[in-house]
Structure formats: structure tokens, C-alpha cells
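So the protein sequences, as listed, match chains A and B.
Heads up, the first sequence is in our numbering, so the first residue is 1 and it goes up one at a time.
Heads up, the second sequence is in our numbering, so the first residue is 1 and it goes up one at a time.
None of these hints come from the bench; they were simulated from the model.
Note that CB positions come from ideal geometry on N, CA and C, so glycine has one too.
A few of these clues could be false.
[Said to hold, decoys possible] Here are the simulated DSSO-like cross-link-like pairs (lysine-lysine), alpha carbons at most 30 Å apart as the crow flies:
(1) Lys52(B) / Lys57(A)
(2) Lys113(B) / Lys60(B)
(3) Lys109(B) / Lys52(B)
(4) Lys68(B) / Lys57(A)
(5) Lys68(B) / Lys113(B)
(6) Lys57(A) / Lys109(B)
(7) Lys56(B) / Lys109(B)
(8) Lys77(B) / Lys52(B)
(9) Lys56(B) / Lys77(B)
(10) Lys68(B) / Lys52(B)
(11) Lys57(A) / Lys77(B)
(12) Lys52(B) / Lys113(B)
(13) Lys77(B) / Lys113(B)
(14) Lys106(B) / Lys52(B)
(15) Lys13(A) / Lys52(B)
[As the list claims (entries may be wrong)] Pulled a few chain A residues facing chain B out of the computed Cβ check, cut under 10 Å:
(16) Gln6
(17) Thr7
(18) Gln41
(19) Gly42
(20) Glu48
(21) Arg55
(22) Asn56
(23) Phe69
(24) Gly84
(25) Leu88
(26) Leu90
(27) Cys91
(28) Thr97
(29) Gly107
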Amino acid sequence: KAGVTQTPRYLIKTRGQQVTLSCSPISGHRSVSWYQQTPGQGLQFLFEYFSETQRNKGNFPGRFSGRQFSNSRSEMNVSTLELGDSALYLCASSLTTGGSNQPQHFGDGTRLSIL
Amino acid sequence: GNSVTQMEGPVTLSEEAFLTINCTYTATGYPSLFWYVQYPGEGLQLLLKATKADDKGSNKGFEATYRKETTSFHLEKGSVQVSDSAVYFCALSIVGGSQGNLIFGKGTKLSVKP
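Between the sequences and the hints, there should be enough to build the whole structure, so can you do that?
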């Protein structure tokens with residue numbers, strides 16, 4: 001069974017640009033969550049999508065947005081990039097939403113560097 | 001609110017030493033608890049989980065017991081190997097909100113020397 005696939009693995013952008021990251025969940029998983037990981041802040045929750053609907057949203061500015069398609073694949077977009085957006089962006093999928101004992105399965109992440 | 005506190009790292013051990021990484025939590029209700037591991041350049045992998053009080057999760061020689069009375073979920077391994085060098089995250093599950101469905105600790109970096 002294929003795991004969570006994130007593309008691209010690495011991205012280099014400059015300030016002011018925008019970027020789109022992609023995540024393909026494990027087959028059959030309907031929930032996709034996005035996290036930002038930095039050395040200073042650790043893992044911070046961005047948002048969760050379930051059945052094409054945003055279910056939860058973290059405390060990030062509106063420059064960060066996402067969507068989910070009918071096949072459960074998800075994209076996140078960051079507009080007007082800032083130096084502080086440099087981070088590892090992780091996607092995780094699970095069968096369902098709403099907590100419980102369903103573990104989340106993570107991709108290897110997209111390393112975004114802003115110059 | 002909901003939170004997870006892990007011991008500060010880094011932790012440096014010699015091969016075959018005993019490992020304990022402390023984790024305590026604050027939560028409303030009865031969350032499930034998880035340990036994830038992150039190897040360099042990779043995402044997080046689920047290491048083990050426990051869904052109710054007194055449950056013991058185990059995998060690859062690692063163990064953790066869900067202690068409701070002390071709100072703890074400490075990770076232990078009897079004999080670490082160099083290949084165990086990684087960052088370990090304790091996490092609890094909640095039902096949604098601005099923190100998402102999983103609340104993570106800040107991670108503990110483990111380095112095992114031969």
C-alpha cells in the first residue's frame with residue numbers, strides 16, 4: 001500500500017512569490033492535515049480537510065490556504081511568501097476525522113526555502 | 001487547554017543503554033496517545049499508540065504505558081542502537097479545533113553513539 005506522497009520534495013522561492021504544494025493521501029483515507037515544522041516553533045497545525053471541506057484551521061494568516069479534491073488529494077497554497085515561511089511542510093492522512101484513535105500517517109514533507 | 005510536554009533534549013546515549021523520554025499531557029476527556037519518530041530528512045512515522053488508561057503500546061523494542069493517574073506516557077527502550085538516533089514526538093488526539101486533531105510535544109532529539 002503506497003504511503004502519503006508529497007510533491008515536490010524541495011522548493012526554492014523568493015519573497016513575494018506564491019507556491020503550491022501537493023499531497024496524495026493513502027488510498028481510502030479521506031482526511032488530510034497540513035503542518036508546518038520549524039526548528040523554533042516545532043510542529044504547527046495549518047488546516048485539515050475531510051471530504052473536500054475544511055474541518056479545522058490553525059492560527060496562520062490568510063496567505064495560507066488549501067483545498068481538497070474529490071479523490072482526497074490535497075493542495076496547499078502560500079501567497080506573498082515571506083522569509084519566515086521557510087520550513088518543512090508536512091501532510092498527514094487518516095481514515096476519518098475527529099480525533100479518536102485513528103493515527104495520522106505522514107509524508108516525507110516539502111522543504112520550502114525562501115531567499 | 002490541551003497540551004503535551006516532553007523532556008528537553010538532546011539526549012545522548014551509548015549503544016545498549018536504557019532510554020527513557022518523559023512525556024506528560026493535559027487534556028479534557030480521554031485522548032488517545034501516540035509516539036512518533038522522525039529520522040533525518042523524513043516525515044514522522046507512527047512508533048506506537050495507546051487508546052485508553054493502562055494500555056501499553058509497543059513496537060521495535062520501544063514501550064509506553066498510558067498512565068491516567070499521572071497523565072504520562074513515557075517512552076522506554078531497554079537497549080538502544082545507533083539506528084534509533086532520531087527525533088521523538090509525543091502526541092495526543094483531540095476532536096478538532098484550531099490545534100487540529102493531534103497535539104504534539106516539541107520533540108526530543110536522541111543521539112546514540114557506538
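What are the numbers of the hints the structure violates, in ascending order?
-> 5, 11, 12, 15, 17, 23 and 24
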